[in-house]
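Participant: Each chain, written out:
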Amino acid sequence: MKKTAIFLLLFLIPFLDPNSYHIEILATAALYALLALGLNIIVGFAGLLHLGYAAFFAIGAYTYALLNLRLGCPFWLGLPLGMGVAGVGGVLLGLPAVRVRGDYLAIVTLGFGEIVRIVVTNLEPWTGGPNGLLGIAHPVLGGFNFGVDSRPYYWLLLVLVGGIAWVCARLRRSRIGLAWAALREDELAARTLGINGTRLKLLALGLGGGIAGLAGAVFAAKQGTITPDSFDFILSVMILAMVILGGLGSVRGVILGAVVLSVLPELLQGFSTYRMLLFGIGMIGLMRLRPQGLLGISQIRRELQRAAS
Amino acid sequence: MTPGDFFFQQLLNGLTIGSIYALIALGYTMVYGIIQLINFAHGEIFMVGAYLGLAAILLIGKVHPGLNPTAGLLLTLLAAAVGGGFLGLVIERVAYRPLRQGPKLSVLITAIGVSFFLQNAVMLVFGAQDRYVPPLLQVHRWQIGSVTVTLMQVIILAVSIGLMAGLQRIVYRTGLGRAMRATAQDPLAARLMGISVDRVIAATFCIGSALAGVGGVLFGLTYSTINFHDGYLIGLKAFTAAVLGGIGNIPGAMLGGLLLGFLEAFGAAYLSTQWKNVVAFTVLVLVLLLRPRGLLGERVAERA
Chain A
1 MKKTAIFLLL FLIPFLDPNS YHIEILATAA LYALLALGLN IIVGFAGLLH LGYAAFFAIG
61 AYTYALLNLR LGCPFWLGLP LGMGVAGVGG VLLGLPAVRV RGDYLAIVTL GFGEIVRIVV
121 TNLEPWTGGP NGLLGIAHPV LGGFNFGVDS RPYYWLLLVL VGGIAWVCAR LRRSRIGLAW
181 AALREDELAA RTLGINGTRL KLLALGLGGG IAGLAGAVFA AKQGTITPDS FDFILSVMIL
241 AMVILGGLGS VRGVILGAVV LSVLPELLQG FSTYRMLLFG IGMIGLMRLR PQGLLGISQI
301 RRELQRAAS
Chain B
1 MTPGDFFFQQ LLNGLTIGSI YALIALGYTM VYGIIQLINF AHGEIFMVGA YLGLAAILLI
61 GKVHPGLNPT AGLLLTLLAA AVGGGFLGLV IERVAYRPLR QGPKLSVLIT AIGVSFFLQN
121 AVMLVFGAQD RYVPPLLQVH RWQIGSVTVT LMQVIILAVS IGLMAGLQRI VYRTGLGRAM
181 RATAQDPLAA RLMGISVDRV IAATFCIGSA LAGVGGVLFG LTYSTINFHD GYLIGLKAFT
241 AAVLGGIGNI PGAMLGGLLL GFLEAFGAAY LSTQWKNVVA FTVLVLVLLL RPRGLLGERV
301 AERA
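These protein sequences, in sequence, are chains A and B. Note that our numbering has the first sequence beginning at 1, numbered continuously upward. Note that our numbering has the second sequence beginning at 1, numbered continuously upward.
Quick caveat, the hints were computed from the structure, so don't treat them as lab data. A hint or two may mislead.
[Said to hold, decoys possible] A few chain A residues that face chain B, going by a derived Cβ cut-off under 7 angstroms, partial list only:
id : residue
1  : N122
2  : M276
3  : F279
4  : G280
5  : I284
[Unchecked claim] Here's a subset of chain B near chain A, in silico, CB distances under 8 angstroms, partners left out:
id : residue
6  : L15
7  : I38
8  : V114
9  : F117
10 : N120
11 : V154
12 : A158
13 : G162
What you are looking at is a predicted structure, and each value in this text was computed from that prediction instead of being measured. Note that the Cβ used here is the ideal one computed from N, Cα and C, for glycine as well.
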């Protein structure tokens, strides 16, 4: 009930606040929330530290862009295809990567992330190289072209975030979610209980990758232009920061983390050149105050209480 | 240029950049070896070191223009080493120590915060555009056949070898080094033996950061331009070098740095410069998949 009310309120914001700049910020925050939800499946649920998540975002964006520019594929077909290709990419890159653990996995994924970006930059005939791809079609829904206005994208992203968050919350409490938790807390014990670790890890990577691909397709359609620079390591790190800041594994937390980290720099706009400097200090300060993330421990504590009563 | 000379020229180029990678890789590997932390802000310390070197060169030029170039070089290296070491101490104290008992990933966030802070602080002080680093010494080169050896390359090699030998001495021949090795093996047991673990960790950060600062100066003098963004890519490559050699292993970091330098130089020369950076990351991924402990790393129990 409360969630539906919040969702409706967020949906109505563009009517209450006509400032297009504000809506653009919100649309960006929603895009990050989508990415954070996807990475949360990998890092928060399955406990796989991934440092190359931007690669899946890039795969989704380039999949839609290429399908659209070469074959005239419409957005609504490109969206699931972008998601599918990125999901398959997640599984394929995961196949070798799940053989290593912990910090080593983090480094392998970091390497994959960079390799995808450099390959995209260097495959000039296909991807336009460093200049990227131009003139990607905006979505058209029943004769209405989304165009360059932020509002329709904000609504679309809001629906996607709401839907994915709903799925994630259920996923976490499902048999799969519980198996992920077992795997994350103690892999050896989980395996002795007959949990197929490899298959579950690949599932997390595929789902997480797919969600990033979804976000990538929306991003490409919204911008109309994509360049490899949009998918660098810093992006992977920022999304991870949102997940950790919000609270690993908490669906509400990572959405909050995404909103905080994408809106905070805008709020600091008044400090102009000192903005990112203060942002850096803010990240250190927040982590020192709440090392477990904004909604990390409190949520788990609530769950424990619920289980005890 | 004969194919043989070309080969030696690339070997020399690889040796030069590889030595710089090795100096930075040492900081990653020392910190990882002692507290299993990947210090993601380490690349920025290297970058700050490069700018400290620039500031020192400019200052020397203003205050004491006639200074002997060798003395100037030593002063510049010293400034970057002291500045880098001090920065390492501050970062450890402010961003890492308070979170050492907390969740492991939270340190990653503070490291990113430190990176943002340092990048933007340098950008505010020195500007966002590339900065030219004036040469400290006269450009001097020797021709051996058609292979060119520059004075800078010789200096880089000498400084790197000197520092690495010094580090090896500290780690294996001093009380501090023994305390460091003890802490790396078992922090609790080390504490019970009367070792001030906090101080040992701080010293590790300090030494690693000083080496990165020196690496920054050498990088600036070799390539003549520096940018506040340089810390990221060079840091990542140095990290690759540390992993290649076996993270946590000091001789491994040196070996890994040099190998990566060679691979890049030959990759750029015989394949294409465009794919130069792919070489580094492909190596990284392959090493981790085929031999995750790196070339010289000891076999560790599976770390979750």
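Participant: Which hints from the list above does the structure break, by number from lowest to highest?
Facilitator: 6, 11, 12 and 13
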